[in-house]
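Peer 1: Here are the chains, one letter per residue:
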Amino acid sequence: MADGDTQVPELAFPLDIPCLKRGAMEGTKPFVAQAEHQAKLGFPGALVPDWKDKALAKMQELAEKNRAFQVYLDICVKCGACTDKCHYFLGTGDPKNMPVARQDLLRSVYRRYFTFAGKHFPWLVGARDLTEDVLNEWYSYYHQCSECRRCSVFCPYGIDTAEITMAAREILDSVGVGQKYSNEIIGKVKDIGNNLGLNPKALRATLEDLEEDIEDDTGVSVRLPLDEKGADILLVTPSADFFAEPHIEGLIGYAKVFHEAGVSWTLSSYASEAANFGLFIGSYENMREISLRIRKAAQDLGVKRIIFGECGHAWRVAYSFLNTLAGPWDFLDQSYPVPQHILEFTWDEIQKGTLNLDPSRNDHIRLTYHDSCNVARASGMGDYPGGQFEIPRNVIRAVCNNFFDMEPDTIREATLCCGGGGGLLTDDLMDLRIKGSAPRMKALQNVTEEHGVTHMAAICAICKTQFGKVMPKYGYEMDAILSVHQLVSNAIILTGQDGEDEDEAEDA
Amino acid sequence: MSYQVNGHTIEHDEEGYITTLSDWSKELADEIAKTENIDMTDEHWEVVNFLREYYDEYQIAPAVRVLIKAIKKSMGPDKGNNKYMYELFPYGPAKQACKIAGLPKPTGCV
Chain A
46 MADGDTQVPE
56 LAFPLDIPCL
66 KRGAMEGTKP
76 FVAQAEHQAK
86 LGFPGALVPD
96 WKDKALAKMQ
106 ELAEKNRAFQ
116 VYLDICVKCG
126 ACTDKCHYFL
136 GTGDPKNMPV
146 ARQDLLRSVY
156 RRYFTFAGKH
166 FPWLVGARDL
176 TEDVLNEWYS
186 YYHQCSECRR
196 CSVFCPYGID
206 TAEITMAARE
216 ILDSVGVGQK
226 YSNEIIGKVK
236 DIGNNLGLNP
246 KALRATLEDL
256 EEDIEDDTGV
266 SVRLPLDEKG
276 ADILLVTPSA
286 DFFAEPHIEG
296 LIGYAKVFHE
306 AGVSWTLSSY
316 ASEAANFGLF
326 IGSYENMREI
336 SLRIRKAAQD
346 LGVKRIIFGE
356 CGHAWRVAYS
366 FLNTLAGPWD
376 FLDQSYPVPQ
386 HILEFTWDEI
396 QKGTLNLDPS
406 RNDHIRLTYH
416 DSCNVARASG
426 MGDYPGGQFE
436 IPRNVIRAVC
446 NNFFDMEPDT
456 IREATLCCGG
466 GGGLLTDDLM
476 DLRIKGSAPR
486 MKALQNVTEE
496 HGVTHMAAIC
506 AICKTQFGKV
516 MPKYGYEMDA
526 ILSVHQLVSN
536 AIILTGQDGE
546 DEDEAEDA
Chain B
3 MSYQVNGHTI
13 EHDEEGYITT
23 LSDWSKELAD
33 EIAKTENIDM
43 TDEHWEVVNF
53 LREYYDEYQI
63 APAVRVLIKA
73 IKKSMGPDKG
83 NNKYMYELFP
93 YGPAKQACKI
103 AGLPKPTGCV
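Taken in sequence, the protein lines are chains A and B.
Following the numbering used here, the numbering of the first sequence begins with 46 at its first residue and continues without gaps.
Following the numbering used here, the numbering of the second sequence begins with 3 at its first residue and continues without gaps.
Since the hints were derived computationally from the structure, they do not count as laboratory data.
Please note that a few of the clues may not be correct.
Claimed, not checked - Below, in silico cross-link-like pairs of lysine-lysine (BS3-like), each with a Cα-Cα straight-line distance of 27 Å or less: (1) Lys36(B) / Lys246(A); (2) Lys85(B) / Lys28(B); (3) Lys235(A) / Lys107(B); (4) Lys97(B) / Lys246(A); (5) Lys107(B) / Lys518(A); (6) Lys246(A) / Lys274(A); (7) Lys75(B) / Lys246(A); (8) Lys107(B) / Lys246(A); (9) Lys97(B) / Lys74(A); (10) Lys518(A) / Lys81(B); (11) Lys85(B) / Lys518(A); (12) Lys123(A) / Lys66(A); (13) Lys71(B) / Lys81(B); (14) Lys235(A) / Lys103(A); (15) Lys74(B) / Lys97(B); (16) Lys235(A) / Lys246(A); (17) Lys225(A) / Lys36(B); (18) Lys107(B) / Lys85(A); (19) Lys164(A) / Lys99(A); (20) Lys141(A) / Lys99(A).
Computed from a predicted structure; not experimentally measured.
Same shape as in the complex, but just chain A (with noise of 0.2 Å):
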């Protein structure tokens, strides 16, 4: 298949800088959507004949439009901070894959057509003309971020070069040249509600096959409930919740809290995705239309709150870009964050003191954490700053005995990618996704050997498929990457659950 080949990176440390490997990626890119893909999404299906105006007039757009964008562009004096910041430079050594050099390929077309000194003097300022070999080099390179802004944390200047990831890619798109992956994808969304193409009839025997599992493990009766109107919470989760392991684990934690909460909650089939890959594109217009479907689904449904699932990305488009996306959601109640995360709520529960926990039913486990990059830089938790960093590893700490984090440049903030985010979580890009998570692997190898840690756990869809995907290759079983809530759900003792007696009488 398609990893066949990989050559696994060996780093000696997370973020070792690698060696030069000129052109190393050169050529890498991922299937191009085809013409009924691009169709779904308002992009022409194929390279228009007048590309190279148009590119330049959507370049024009954007800057005009999005003046931070413009900035980005303008300021970046190539100081060299972010160089070995990206996981792709580190597990490719690609030169062109430096953020300032990936970010350039750009910027060199723009200095062309759009200042003064590109446009008289092109050869002093690196400035060069938009060919065709550029633009097939901008969807390779380009499809080589996972616009994960670890990066963005080093430069001195600020800048989020995840956006000129995302204005090179809705570039690309305006002339006829999508990613297979994203665009089809989005296109189900709009047709079928969720990335999965789940339709509702699935869904529930889906949701009613857990249910069942749920009863046969614990032998208390713990709903799923699915499209039920006068519900008080809404819960958007991404598909893979519905379908993929150890997702699936991790939705069953979200069912047996609400349980114990003693909350009325529902799915919707309409907005039975909280993943919203018009991010990774950069179109507005998409993250809108699938964001829309959310406030559709909480009116149709007439629920009081809105609370996400582990999804990486999708929690960045709620807490940043929900209310002008998609509000205003006055119609919500209001002494609750709008929108609120699973965590959150959970966290909230366990400070109550309403969940019966022991957290020696994961004590086969030691465990570390995966900050997912999306909630690490572009969102926050709770009230206060940071918070999506501690409440995660709160209710870690509350339901694993054995909890250890990793090197401090790794996590947090500082946060690795997992290699598969941004709309690259695709088998074309295998080879790009084993070689990208090389730090992040370095960095969990490092507390496997200090302190014996088997298990990863991480709060996004798209980290935990690719952790279970390229996590063989470092030498780790599948399964040794975990939902949080599945680690909730482990430790999670329901009221009238069958062994609660016999467990107590041996604690005591």
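Given the structure of chain A, go ahead and fit chain B onto it with the hints provided.
Peer 2: Structure of chain B alone, referenced to chain A:
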């Protein structure tokens, strides 16, 4: 991009998933399996048949968990587990088995 089975040409996409689902046949499944370096055994067929039945009813592949539960029922706990599924289909029961069963590729964060 196509498979050749009994003199018929069957189109597939860049990743080997057939584009017209009704083109599927057992012979084609054997052919796809060959390109995946899989030798189809009764156990492989048990999985493929379940996927196709599920798809007939729900127009989508089942969650991995649902698949494993069904296999556990029909083939026992030794085979109804994730590890065994990956022994049968090293690239994952969801994607590789779907490809052989002639179903669309599951998309999204999976």
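Peer 1: Each of the hints needs a verdict: does it hold here or not?
Peer 2: Right, here's what the structure says about each hint:
1. With a C-alpha separation of about 34 Å, the suggested pairing of Lys36(B) with Lys246(A) is violated against the 27 Å cut-off.
2. Using a Cα cut-off of 27 Å, the hinted pair Lys85(B) and Lys28(B) holds, with the two alpha carbons roughly 25 Å apart.
3. A distance of roughly 18 Å separates the Cα atoms of Lys235(A) and Lys107(B); the hinted pair therefore holds under the 27 Å criterion.
4. Between Lys97(B) and Lys246(A) the CA atoms are separated by roughly 21 Å; this keeps the pair inside 27 Å, and the hint holds.
5. The suggested pairing of Lys107(B) with Lys518(A) holds, with an alpha-carbon distance near 23 Å, which does not exceed 27 Å.
6. Between Lys246(A) and Lys274(A) the alpha-carbon distance is near 17 Å, which keeps this suggested pair within the 27 Å criterion.
7. Restraint check for Lys75(B) and Lys246(A): satisfied, since their Cα atoms lie roughly 23 Å apart, inside the 27 Å limit.
8. For the hint pairing Lys107(B) with Lys246(A), the CA-to-CA distance comes to about 19 Å; that is within 27 Å, so the pair holds.
9. Distance check on the hinted pair: Lys97(B) and Lys74(A) sit about 21 Å apart at the alpha-carbon level, within 27 Å; holds.
10. Restraint check: the Cα-Cα separation between Lys518(A) and Lys81(B) comes to about 24 Å, which is no more than 27 Å; the hinted pair holds.
11. With a C-alpha separation of about 16 Å, the suggested pairing of Lys85(B) with Lys518(A) holds against the 27 Å cut-off.
12. About 20 Å separates the Cα atoms of Lys123(A) and Lys66(A), which keeps this hinted pair within 27 Å; it holds.
13. Using a Cα cut-off of 27 Å, the hinted pair Lys71(B) and Lys81(B) holds, with the two alpha carbons roughly 10 Å apart.
14. At roughly 25 Å between alpha-carbon atoms, Lys235(A) and Lys103(A) fall within 27 Å of each other, so this suggested pair holds.
15. Between Lys74(B) and Lys97(B), the direct Cα distance comes to roughly 20 Å. Compliance with the 27 Å bound is thereby established for this hinted pair.
16. Our distance criterion of 27 Å between C-alpha atoms is met by Lys235(A) and Lys246(A), whose separation comes to about 17 Å.
17. At roughly 26 Å between alpha-carbon atoms, Lys225(A) and Lys36(B) fall within 27 Å of each other, so this suggested pair holds.
18. A distance of roughly 19 Å separates the Cα atoms of Lys107(B) and Lys85(A); the hinted pair therefore holds under the 27 Å criterion.
19. Taken as a hint, the Lys164(A) and Lys99(A) pair is honoured in the structure, with Cα atoms around 18 Å apart against an allowance of 27 Å.
20. For the suggested pair Lys141(A) and Lys99(A), the alpha carbons sit about 25 Å apart, so the restraint of at most 27 Å is met.
Taken one by one, the earlier hints fail for this structure only at number 1.
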